[in-house]
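2 protein chains.
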Amino acid sequence: MTNQQQQLDRMFQALADGNRRAIIDRLSKSDAKVSDFAGQLGVSLPTVLQHLSVLEQAGLVSSRKVGRVRTCTLDTQALSRAEQWINERRNLWGRRLDALGVLLETDTGEQTHD
Amino acid sequence: MTNQQQQLDRMFQALADGNRRAIIDRLSKSDAKVSDFAGQLGVSLPTVLQHLSVLEQAGLVSSRKVGRVRTCTLDTQALSRAEQWINERRNLWGRRLDALGVLLETDTGEQTHD
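Chains as they are written, first to last, in this note's numbering: chain A, 1 to 114; chain B, 1 to 114.
Think of the hints as simulated: they come from the structure by calculation, not from any bench.
Hints should not be assumed to be uniformly reliable.
Identical copies carry no separate label here, and so any pair may be met within one copy or between two of them.
[Claimed, not checked] Under the rule of at most 20 Å between Cα atoms (straight-line distance), these lysine to aspartate or glutamate pairs were calculated in the EDC-like manner:
hint, residue 1, residue 2
1, K29, E83
2, K29, E88
3, K29, D98
4, K65, D36
5, K65, D107
Note that the structure is predicted; figures quoted are calculated from it, not measured.
Chain A with its partners taken away, still in its complex shape:
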């Protein structure tokens, strides 16, 4: 498996959990302290840390520690890559429908000449 495939696996896996999506949702509005999430999600601090670890390994979130406080920030580059993968497949499908439209138009045109 290539690195790129592994990265996509990890990103989509990280997004496949409501608590982890809630963390991303929160971080899209502003940076946040690790301790903020426990209250927001109604889960224990170890559970928050586990979710953050999955998000960090997927490259979706990074964190920095100042003194005893760890602050998290969203990495939108990784989020863009996941979005881009989906978007490219949707576009391919769209082009296929366009081509089908041209084909149908040509068919209709030919029928008119009959």
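Given chain A's structure and the hints, the job is docking chain B onto it.
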């Protein structure tokens, strides 16, 4: 957990596997028979059926059977929902950066008047 959350869980979970992404990739170009995937992916037919089942449950792929041949097609509406979820979070982040830019500009403006 709401239905919408469950649907997002299933969609991202379905996308978190290289073989399932390869099936989506293939279907973005044209519909395909179930038997086509075994050769393409180099896996057994039961494995293909298992992946297709995950994709169908996530609403990403649908299939129809004519005689003994089952043909699969991509459901781009579901793909759009996954893309939209990511896009909305990226946009929120973007607006936050814009707001920060305005704040910095205001600050610089104020300093000029000092």
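We went through each hint and held it up to the structure:
1. K29 <-> E83: Intra 18 Å, inter 19 Å, cutoff 20 Å: intra and inter.
2. K29 <-> E88: between (27 Å within a copy, 11 Å between copies)
3. K29 <-> D98: between (38 Å within a copy, 12 Å between copies)
4. K65 <-> D36: within (14 Å within a copy, 51 Å between copies)
5. K65 <-> D107: Neither way: K65 and D107 sit 65 Å apart in one copy and 27 Å across, limit 20 Å.
Hint 5 from the earlier list is the only one contradicted by this structure; the remaining hints agree with it.
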